[in-house]
Each structure stands twice: as structure tokens, then as C-alpha cells.
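Visitor: Input sequences plus hints: build the corresponding full structure.
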Amino acid sequence: MVLLQLLINGIQTGTIYALTAIGFALIFGSTRIFHFAHGAVFVIAAYMFKFTFGDLGLHWTVATIAAVSAAVAAGLLVNLLIYVPIQRHEGSYFTVFVASFGVVIVVQNAVAIIFGRGFSAIETHLSNAVEIVSGLFVAPLFGIAMVCSVIILTSLHLILTRTHVGIALRALSQNPELVRTFGLSTRGLSTYAFALGSALVVPGAIFTGAASGLTPTIGLHIMLISLVATIAGGVGSNWGAAWIAFSIGISENLVLWRMGPQWSEAVAFAFLLAFMIFRPAGLFGLAAAR
Amino acid sequence: MFVYLLNVGVFICVYAILASTLNVMIGYAGVFSLAHAAFFGIGAYVAAFVAINVSSSLIAVLASSVLTAGVLSLIIALPALRVRDEYFVVVSLAIQILCVTIFSEWKGFTGGLGGIVNIPLPEILWGSVSTPMQFFLLALACLAAITLIIGLIVRGSFGRSLMAVRDNESAALALGKNVALLKTLAAALSSGLAAVAGVVYAYYLSFINVQSFTLDTSVLVMAMVIIGGSGTIFGPIVGAALLTVLPNALSYVSFLPQSEIGSIQQLLYGLAMILMMIFRPGGIVGAGRSKRSGN
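So the protein sequences, as listed, match chains A and B.
If you count the first sequence from 1, position 118 lands on 121 in the working numbering, and the numbers rise without skipping.
If you count the second sequence from 1, position 248 lands on 251 in the working numbering, and the numbers rise without skipping.
Pair ranges (Cβ atoms, derived):
| no. | chain 1 | residue 1 | chain 2 | residue 2 | range |
| --- | --- | --- | --- | --- | --- |
| 1 | A | Leu139 | B | Leu278 | 46 to 54 Å |
| 2 | B | Asn181 | A | Ile68 | 55 to 63 Å |
| 3 | A | Ile68 | B | Ser262 | 31 to 39 Å |
| 4 | A | Gly146 | B | Val256 | 45 to 53 Å |
Treat the hints as calculated values from the structure; they're not laboratory data.
Cβ atoms here follow ideal geometry from the backbone N, Cα and C, with glycine treated the same way.
Guide: Here's what the structure looks like:
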């Protein structure tokens, strides 16, 4: 029963990870920008929802819209104000990464100054667990998170396969030169990638806030998971990233069965290290690591 | 007041050693590591272990720490040979997180969160180093020696080969450079010398715990290298001095709330990193434009 409980917790954690990771995979895969600040976008979305829903007491739809707008605005601004100027004079991944890391530090500390460094949870009765079978607790939030994720992932799949922008984005991740030859603007497409990828952090941010609470440093943790997932899943494969993120969430919780919670993060990273050494192209990788 | 200044001086030296050694990886080998604090920690823990259990002679402690860290650097060199650029950043992050978990869980050796206390004073030929002034001189001597070593090495043939690998790995390989060996040696040099900072730090505080060797320290040292100027000899030292003095100076600014000093300091260096990358990627000491080319 304990194992089943851990599995259910794992599925919930895994779903949150998968949604965030697929956003990062989408941005990194199509623009090749090492968008470490994706974690900062996550923090902004989470605290925006907490502020509008928890502190101001607005309706959850309004708060969700606010969180989506904040996330998309943050993603686009980081691209426009930081990545575009850097790429204008130098395209090195290193410069972009350092600047992106700077954004994470700035956002993390600005949030810590405004909202305090401690834990803050989004208060809702939906996160109160109900005992469905003896010894097995499930919160209504779990069901909502599942339904939302299925809807979001299905619509993402439809966007990427049925719309012009989606097809162009997938083309961009496979061959940017060819996209330019067809007369499409790669910069314009990057904007779409950032908007779409940033919007994808919102459900994860809200569910994390309601289920386990927020700290300003949560962005770093979620970012590490997304990175592991994107790279272990194989760059260019969004679903690969989602699957790996999902399995990390499950394994993180299953580890608790036999080991202390302090090992759960280490397990995810040991996993990544093994991957990097034995299979650098990732599980579903399209091309070998450069 | 004078003792306070010496205290700041020792910390500047410790961080300058860390930044200079990380610079070997970032600036010269073009391998971007976020696991530097892990080697700082390995140096400090080995120093504490040897000083307490074997001998407190400075030479013995230095030798064992540097050797251990140098050998363990293979765990970072191995993946660095397999993957490149952004992939390696992620791998080094993973190593850093794994090491912090080990530091806090291997209680028999590291003392866990409680850390190790009562590390004896370092003994050199004519006695032990005890006063703040002596410690400052010791730290300064270590920094000078390391700067000299790195300066000589990067100006020699090894350094030039390393920079060739950084600028264009395929071209270096085509010219017959042993890229794998060069990267492994660079990692061993960088990590081994970073352990010196750990030795000085452990001796000076006579107390160490895992808090000093987390990802935050790695990021701070990275910021020092970047802001000072990667790929230059004195850039990392300038960066280390600047980022060590800044929080101390900020605590004298009366209108800032004391409880938020840490956050404000981090916010400022985060901001500095962003602005540097946009307007002056070469750092304070470096050239206006970084010549590094990504491929």
C-alpha cells in the first residue's frame, strides 16, 4: 500500500516535471538557446498565481490568466532584452548561459525580498487528501492535475502537428537553414517558441504551489529536472523529455520506499551521469551529441 | 579593525585561488564546470581528516588534499571527454549535486550537516601558523604560487595547445593534439589546485561543513571568473576581490534592511552577470570582445 501511495505521489510529481520539461525542450530544441532562465519563469508564474489567488483573493480563472501572462511576458522579455542583443554580437552558448543564469539569480532573490525566503503555500481545500481505500490518500487536486495535463499535452501535440507555426517550429529544430531558405523568419519563430514554452510552466507552477508549497529557490530544482529530462530524452525530442521527466518524478518518490528523502535528488542525477557517459545522444535522440 | 581587514584578506585569497583555478577550465580549456565547489570541499575535508588523524604538517596536508582532488578530477574529466558545451554544464551540475549529497550524508568522514570542528593549526618548519597576520601571509603565498604556476603553464606549450582545443577542437585534433589528454590534465590541474583553497579555508576557520561547498559557492566563483574576465591571469583575482568586498561594503550601507543583505548582494551580482554578458563578455580585465567562438 505504501508503494502504491508513493507511485501515486510519483505520478503527480512526474506530471508537473513533464509539463515544465517539455516547455524547456521546446525552446531549447527549436532555438538552441540554453534557456536556464526557464526556472525563473516558473518561479514568476507560481508567485504571480499565489499573489493574485492567495493574497488578493481573486477567482482562480483570473489568477491563471495573470500567471500565464506573467510567464509569457517574462519569457519574451528575457529573449528580447538579453538573448537577442547577445546573439547579435556573439553566438556562443557560454555567454547566453551565463546571462541566463544571472536572470535566475536575480529573479530568485527579487522574489525572496518581496515574498520572503520561507515556504509559502497556495491555500485551497482541493489539496486536502481524501482516503479512498484504507491507507491510500489522494487529493482531488491529483485528478485535476491529471485531466489538465492530458488536455494540455494533447493540444500541444495538435499545435505542433496541425498548425503552420507548430510545423515551422519542428522544422526549426531539425534544420534552421532550410527554414530560412523557405523565407520564414527564425527570430519570429523563436518568439513563438518562447511564448509557448513559457506558457507551459504555468500548470506545473500552480500545482506545485498548491500541492507542496513554494520557495524562491524552487526554480533551480525544477530547472535541473528539465535539463536532465531534455538531455537524457534527447535534444529535439519533446516527448522524450516529457517521458524522462515523468520517470524522474516517479523514481524520486519510489526511492523514498527504501531511502531517506535526501537521496531522491541524487538518484535523478546519478541517472543523468550514467546517461551522459554511456549514451550522450539521449534515449530518443535524433542526432549524436555535438 | 586591522584584524577585520586581515579576515577579509584571507577570504579574498581563498576565493581568488578558487576563481583562478576555475579559470583554467573555463577560460583556457573552454570546459564550463559548475562543480568547482565540490573540489573545494574535497580539499577541505581531506585536509581536516589528515590534520586531525595523521599529521598537521602543512606540507603533508597540502600534498594529500591536492593529490586526492587531482585524482578525483577524473570523475569530471571523463564526461567532459564524452560531451560538449551545454551538455557538460549539466553534467557538472549533476556532479556538484551528487557531491553535496555525499558531503552531507557520509557522516563518518564529513560530519554531515554538523561538519568537522577543532581542526588543528597548520605546522610549518619553525612552528605553527596562528595569528591572523600569519594566516593572511599563508593565504597570500598560496595565491601567489598558484597564480605563478597557472601563469607559467598557460604561457607554455601546454597552455597554447589547450587554447587551441578551446577555440576549435577539430582543428586541434587535425594538428595532432591529444585532446583527451589535454582536457584530462586541465581538469586535474584545476581541481587539484582548487583543493589548496580548501586547505587554507579549513585551517583558517578550523571548522567546515557542507554549507560552504554547495552549488551557491560554485555559482559565486563562476561569477567571479566571468565578471573579472575569463581567460586572463588577473581577471579572476579582481573578480574575487570585488565580489568578496561587495557584501562587506553593503553591510555598511545603513538604509538597507540587514536581513535582506544576502539577497541584495546576490541580486546585484546576478544583474552584473547579465549586463557583462550583453555589453562586455570579456569581463573587466579581458578584451572588449571575447574571442571565443562556439561551434
